[in-house]
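Protein chains: 2
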Amino acid sequence: MKYPSGIKLSTTKNISYDNRGMDLEEDINITNQYYIDNNIAFIYKKPTPIQVTKVDYSQKSAIIKQAYFKEPSTTDYNGLYKGFYIDFEAKETESNTSFPLSNIHKHQISHIKNIYENGGIAFLIVRFNRLRKTFVLFGKDLIDYMNNNKRKSIPLDYFKEKGYLIEEKYIPRIDYLKIVDQVGGIYEKKQK
Amino acid sequence: MKYPSGIKLSTTKNISYDNRGMDLEEDINITNQYYIDNNIAFIYKKPTPIQVTKVDYSQKSAIIKQAYFKEPSTTDYNGLYKGFYIDFEAKETESNTSFPLSNIHKHQISHIKNIYENGGIAFLIVRFNRLRKTFVLFGKDLIDYMNNNKRKSIPLDYFKEKGYLIEEKYIPRIDYLKIVDQVGGIYEKKQK
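As you go down the protein sequences, you meet chains A and D in turn. Going by the working numbering, the first residue of the first sequence is number 1367, and it counts up by one from there. Going by the working numbering, the first residue of the second sequence is number 1367, and it counts up by one from there.
Bound conformation, chain A alone (with noise of 0.2 Å):
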């Protein structure tokens, strides 16, 4: 299995509001960041799933010796906005032109199916690195349109045509709960 690109090698990282340039990641962190400390939403990345196999005990701090990086079997975001459950996954893509299927685990696309079908509002955030462009593209269509296609890619049009690009500003970083605010509510099905 590769290893996953999200994971940072450093002991400590500091938070900050005015770090431009990041990655898709770190933006996505720090707005999260921004929608805690200001009691808007409780949504969190889960932590990357490691297999520990070897331990050492002897010091104070146990040390794990050996591990590997497992597939997650769900998606990395989810939390509480407004009594609402969220659940998404980000993905940034290098192409101009299409995002390529193979970014997403199958398991995480029954997943998003799940979520969406069961009265949750799921979604990919997926950026256009070289395009300076992030979309939010909903579960239901996302589903739909790989009913629909046999490609193995999602065209940038079709992040154009049913997507909704994301506003890019200095606080907070990616807003997207502004486009959950907007339009989640007719992706959401509200069980009993």
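Calculated from the structure, these hints are not laboratory results. Worth double-checking, as some hints may not be accurate.
Because identical chains share one entry, a pair is satisfied inside a single copy or across any pair of copies.
Cross-link-like lysine to aspartate or glutamate pairs, in silico, DMTMM-like; alpha carbons within 20 Å at most [claimed, not checked]:
hint	residue 1	residue 2
1	Lys1526	Asp1403
2	Lys1479	Asp1403
3	Lys1412	Glu1391
4	Lys1411	Glu1437
5	Lys1426	Glu1437
6	Lys1472	Asp1403
Position chain D relative to chain A; hints supplied.
Relative to chain A, chain D alone:
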């Protein structure tokens, strides 16, 4: 930091519905799998947070050579049930008389409070191992207790009075959502 009790060192794990005498985490994982398989709820345990400091990339699969356990910033379990956001922490105690609050991190308690106050359903699942009794204690009652008591533990009697005993059975092992069905609505504050 102490080694978290939830980590399993085996590289493979067979989930079976008929293996009695397991710990609370196993019981919850099997119950959650039952809920997923039957399209009832989508609740997952978050991976244990690990700080990776050294990785060997020379092999086909990256091998983590040095890493440390980190404190969790939220609860261990969350997900979606009937459109509701569900969030809980599960703990066992060997005490016959009370549940020590030192078992829960302060930021986990803040998290439960945030979830409860923002329209989610948050609770503890606490098992008194020697009594073979497992309770749900909703976030509201946990916070009420902490606001009104100086004690560093919650007595068993409080669980009997304010908590809900989970019936343990064959399938699903510990059907905690039955309690959410019965009483969860009382505790959930619906937002706009």
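**OP:** Starting from the hint list further up, note which numbers the structure goes against and sort them upward.
**Re:** Structure breaks hint 1 only.
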